[in-house]
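2 protein chains.
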Amino acid sequence: MKGMDYFFYPKTVAIIGASEKEHKIGHVIMQNMIKAGFKGKLIPINPREEKILGKKCFASVKEAGKTDLAVIAVPAKIVPKIILECGKQKVKAVIIVSAGFNEVGNMKITKELFLAMQKFPKMRVLGPNCLGVLHVKKGIDTLFLPYERLGRTPHGRIAFASQSGAVGSTLIDWASMKSYGINKFVSFGNALDVNVTDLMNYFDEDKETKVICLYMEGLEEGRSFLDTAKKVTKSTPIVVLKGGVTEQGKKAAVSHTGSIAGQSEVVKAAFKQGHMVEAESFEQLFNFARVLANEPLTKGKKIQIITDGGGYAVLATDSIIKNGLELSKMSDKNLEKLRKVVPVHAELKEVIDLTGDATTEMYKKAIELALKDKNVDMILLIVLFPVPMLNKDIVDEIIKFHKKQIKPIVVVSASGKYTEKQKAIMEKEFVPTFSFPKNAVEALKALYDYSLFKGKAKR
Amino acid sequence: MKGMDYFFYPKTVAIIGASEKEHKIGHVIMQNMIKAGFKGKLIPINPREEKILGKKCFASVKEAGKTDLAVIAVPAKIVPKIILECGKQKVKAVIIVSAGFNEVGNMKITKELFLAMQKFPKMRVLGPNCLGVLHVKKGIDTLFLPYERLGRTPHGRIAFASQSGAVGSTLIDWASMKSYGINKFVSFGNALDVNVTDLMNYFDEDKETKVICLYMEGLEEGRSFLDTAKKVTKSTPIVVLKGGVTEQGKKAAVSHTGSIAGQSEVVKAAFKQGHMVEAESFEQLFNFARVLANEPLTKGKKIQIITDGGGYAVLATDSIIKNGLELSKMSDKNLEKLRKVVPVHAELKEVIDLTGDATTEMYKKAIELALKDKNVDMILLIVLFPVPMLNKDIVDEIIKFHKKQIKPIVVVSASGKYTEKQKAIMEKEFVPTFSFPKNAVEALKALYDYSLFKGKAKR
Numbered sequence: 001m002k003g004m005d006y007f008f009y010p011k012t013v014a015i016i017g018a019s020e021k022e023h024k025i026g027h028v029i030m031q032n033m034i035k036a037g038f039k040g041k042l043i044p045i046n047p048r049e050e051k052i053l054g055k056k057c058f059a060s061v062k063e064a065g066k067t068d069l070a071v072i073a074v075p076a077k078i079v080p081k082i083i084l085e086c087g088k089q090k091v092k093a094v095i096i097v098s099a100g101f102n103e104v105g106n107m108k109i110t111k112e113l114f115l116a117m118q119k120f121p122k123m124r125v126l127g128p129n130c131l132g133v134l135h136v137k138k139g140i141d142t143l144f145l146p147y148e149r150l151g152r153t154p155h156g157r158i159a160f161a162s163q164s165g166a167v168g169s170t171l172i173d174w175a176s177m178k179s180y181g182i183n184k185f186v187s188f189g190n191a192l193d194v195n196v197t198d199l200m201n202y203f204d205e206d207k208e209t210k211v212i213c214l215y216m217e218g219l220e221e222g223r224s225f226l227d228t229a230k231k232v233t234k235s236t237p238i239v240v241l242k243g244g245v246t247e248q249g250k251k252a253a254v255s256h257t258g259s260i261a262g263q264s265e266v267v268k269a270a271f272k273q274g275h276m277v278e279a280e281s282f283e284q285l286f287n288f289a290r291v292l293a294n295e296p297l298t299k300g301k302k303i304q305i306i307t308d309g310g311g312y313a314v315l316a317t318d319s320i321i322k323n324g325l326e327l328s329k330m331s332d333k334n335l336e337k338l339r340k341v342v343p344v345h346a347e348l349k350e351v352i353d354l355t356g357d358a359t360t361e362m363y364k365k366a367i368e369l370a371l372k373d374k375n376v377d378m379i380l381l382i383v384l385f386p387v388p389m390l391n392k393d394i395v396d397e398i399i400k401f402h403k404k405q406i407k408p409i410v411v412v413s414a415s416g417k418y419t420e421k422q423k424a425i426m427e428k429e430f431v432p433t434f435s436f437p438k439n440a441v442e443a444l445k446a447l448y449d450y451s452l453f454k455g456k457a458k459r
Numbered sequence: 001m002k003g004m005d006y007f008f009y010p011k012t013v014a015i016i017g018a019s020e021k022e023h024k025i026g027h028v029i030m031q032n033m034i035k036a037g038f039k040g041k042l043i044p045i046n047p048r049e050e051k052i053l054g055k056k057c058f059a060s061v062k063e064a065g066k067t068d069l070a071v072i073a074v075p076a077k078i079v080p081k082i083i084l085e086c087g088k089q090k091v092k093a094v095i096i097v098s099a100g101f102n103e104v105g106n107m108k109i110t111k112e113l114f115l116a117m118q119k120f121p122k123m124r125v126l127g128p129n130c131l132g133v134l135h136v137k138k139g140i141d142t143l144f145l146p147y148e149r150l151g152r153t154p155h156g157r158i159a160f161a162s163q164s165g166a167v168g169s170t171l172i173d174w175a176s177m178k179s180y181g182i183n184k185f186v187s188f189g190n191a192l193d194v195n196v197t198d199l200m201n202y203f204d205e206d207k208e209t210k211v212i213c214l215y216m217e218g219l220e221e222g223r224s225f226l227d228t229a230k231k232v233t234k235s236t237p238i239v240v241l242k243g244g245v246t247e248q249g250k251k252a253a254v255s256h257t258g259s260i261a262g263q264s265e266v267v268k269a270a271f272k273q274g275h276m277v278e279a280e281s282f283e284q285l286f287n288f289a290r291v292l293a294n295e296p297l298t299k300g301k302k303i304q305i306i307t308d309g310g311g312y313a314v315l316a317t318d319s320i321i322k323n324g325l326e327l328s329k330m331s332d333k334n335l336e337k338l339r340k341v342v343p344v345h346a347e348l349k350e351v352i353d354l355t356g357d358a359t360t361e362m363y364k365k366a367i368e369l370a371l372k373d374k375n376v377d378m379i380l381l382i383v384l385f386p387v388p389m390l391n392k393d394i395v396d397e398i399i400k401f402h403k404k405q406i407k408p409i410v411v412v413s414a415s416g417k418y419t420e421k422q423k424a425i426m427e428k429e430f431v432p433t434f435s436f437p438k439n440a441v442e443a444l445k446a447l448y449d450y451s452l453f454k455g456k457a458k459r
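Order-wise, the sequence lines are chains A and B. Residues 1 to 459 (this note's numbering) make up the first sequence, in order. Residues 1 to 459 (this note's numbering) make up the second sequence, in order.
Please note that the accuracy of each hint is not assured.
From the derived model, a few chain B residues whose C-beta atoms are all more than 10 angstroms from chain A [unchecked claim]: (1) 58; (2) 112; (3) 314; (4) 351; (5) 361.
Part of the chain B face toward chain A, derived, beta carbon under 10 angstroms [to be verified]: (6) 25; (7) 28; (8) 99; (9) 109; (10) 166; (11) 243.
Simulated from the structure, these hints should not be mistaken for laboratory data. No experiment lies behind these values; they were computed from the predicted model shown. For every residue, glycine included, the Cβ atom is placed at its ideal position computed from N, Cα and C.
Hey, can you work out the whole structure from these sequences and the hints?
Shown next as structure tokens:
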């Protein structure tokens, strides 16, 4: 394993500052590692305790023996000393969750920490002032927020790195509610060692990761960031949301992570030059990421709408045109074939409106034909689940078609609780779902743009 | 009662085309009226049945006797005949849910229906090709979609009229999941008699309605629409979303409801002249409506952000500036008072960042001071519920402050299931909640603009 691997695939993890006291961060992390199902050796470190959560406690890393990953949750002032101990013990990777460094202007202790870190350049350090890592598949969970209040995402194809811990973790919670699949989440905080560039490089080489998702407030070392982005986006799309794009927002960002936000125009230009996909909201960030992670590239910009509700098709059409995309029209031959299985009042023009009498069989036939029709590049399924004749099989059928990865297929289903359950089933099988047409179309636009950049789509 | 009242407050409701067969629309409507708890007399009408859902069935409206509201769910071709019967029986209001008229180009039957309606000009008719009415408080529910698949909204201050039944009903389902309060929902379909202008007038005079929400595809009789909008918006804000704003979207709209979409620029100009608030997405429609319905007007554009997560404040600040609003700054005196109860590392500048150590008490003090401080016009609370020290009382405290209606207060809480529960509690008490800062700020901008129009806010 290389240096960064130890954050995600450690065999032994030491929690420095572990505690039996429930409200202590070190306790919550211990508990969450256990809940996450970590299969390796979990070692609590605390000189004043014997046992923590049933596990033998050690006084220091030295006594604990060989450690791959150490999580430091002790007051800022003793962190540099602990780092020296970790270095001497040849700990491979360290996560410092403790706060109280440069983000609050405490430069003395920050400098001390930095000097300690420099003595062991091979040991990779994440933080300080961060939540660390969530890697569900391997049971790594250093987020010090309890499961009852903060859900964890299912495994998926998106890697997500956030400068802000609060933003990152609440987005994980939100994504978990939506069943969006995320394979690795990293809160990198003040980034004294591991920074966004390191993470982009790492995720690019990670086989599980199909898309990199970033939330950034500051941008330092713009040159290496840009060079890395240019290289990485050739193989792995990067979707980015930047906080602090206005002057006042930047001021707020400085207070928050102590980072220099950078000229908004310069940063935006860097994103563009680096062929990154810029999102304007958190929803967009994950909408773009899900489509880029789970859909094949598109050959063109023609979208086939298949719907059981005319009103949503109107809105979808508006969005398609506004985004510079086009409606596709299937061949007359295919439309004739479809005509045989749909109600007489169904509209089969550019939009295929199966109407409120739609059945799973009708959708099936329409999707089948659209996948074959050479006038169709992408498929936008609008499925209103409350319509009476539509049975539950529709979900399985969509998943089956989607698995073939012939053309991009996304699903729009406005609605409430019943619908959300159906969407969660699809999300778990990597079908991107949306509540409203606008969001889906914007995401397809991002896919089209990336497909153009990759030379797969024609203008 | 006046004519339109009978749609919302009928004492006797006849379901023409009621049936014992579960998949029949007439059956579903019967069932839904019962589930909705309609307290009046519910009369199934069907010449071929004795009893439906335990209620005595009549062969015709004539035999049924005095009827306030008749719901017609029979094939299009016999609808004109039924309308004549209803007219002769002095039925006050009729909802035609049946489709198959001008929306599918069937002009012969449409003309026949129109002529029948003209014979009884006092009888108000909703539809055809519509879902009718949902008025939760009075147990009126003609939506022919089962409760298991389509939720119903709690009672609230928003009236919502939709040209498209599918759009309208799925939005109701979505709003019910979010616990958004809606008092009356009307799907008006082809609008042969009751049209959007009638509904605007009616809702304007309705004491329960604080905001009118519209989804429209076509706009006919533009002049009377504009005149009514101008009049109504003086007392009741109207939020509108127009489907079919692009040429292709308009074509789709014609296929859908048979309506002429109208020149997009002309329609937009009419919205502006009528001082309506135009939304660009369904989410915006309800975001704007909730804030306009539940917040007092604002005196200015200065927003106080109070947060327990710095990252969200950065994004909120960006949105505030982008929307032409301003950050407020509390007086030094008030900030000093606040300083005494917050952690040392809390940031008290324009943004009040209580940090991840925030408690209910800290929020309480900060809100109290912001409500008094004359530099603060509106309050944007960012509450990340997963932070460890924050207890559940925060929800009650926010509701209490909000009830006073001193200044607009909205809540941003990104996150998952635990958080959604807290938000639902607040929504039921009319506190507008949002997942992300952008959406909340856009809604406050709409409130500011309306407050300017009303002469309450200064520029």
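Inset, instruction - Check each numbered hint from earlier against the structure, then list the numbers of those it violates in ascending order. - result: Of the numbered hints given earlier, those the structure breaks are 3, 4 and 9, listed in rising order.
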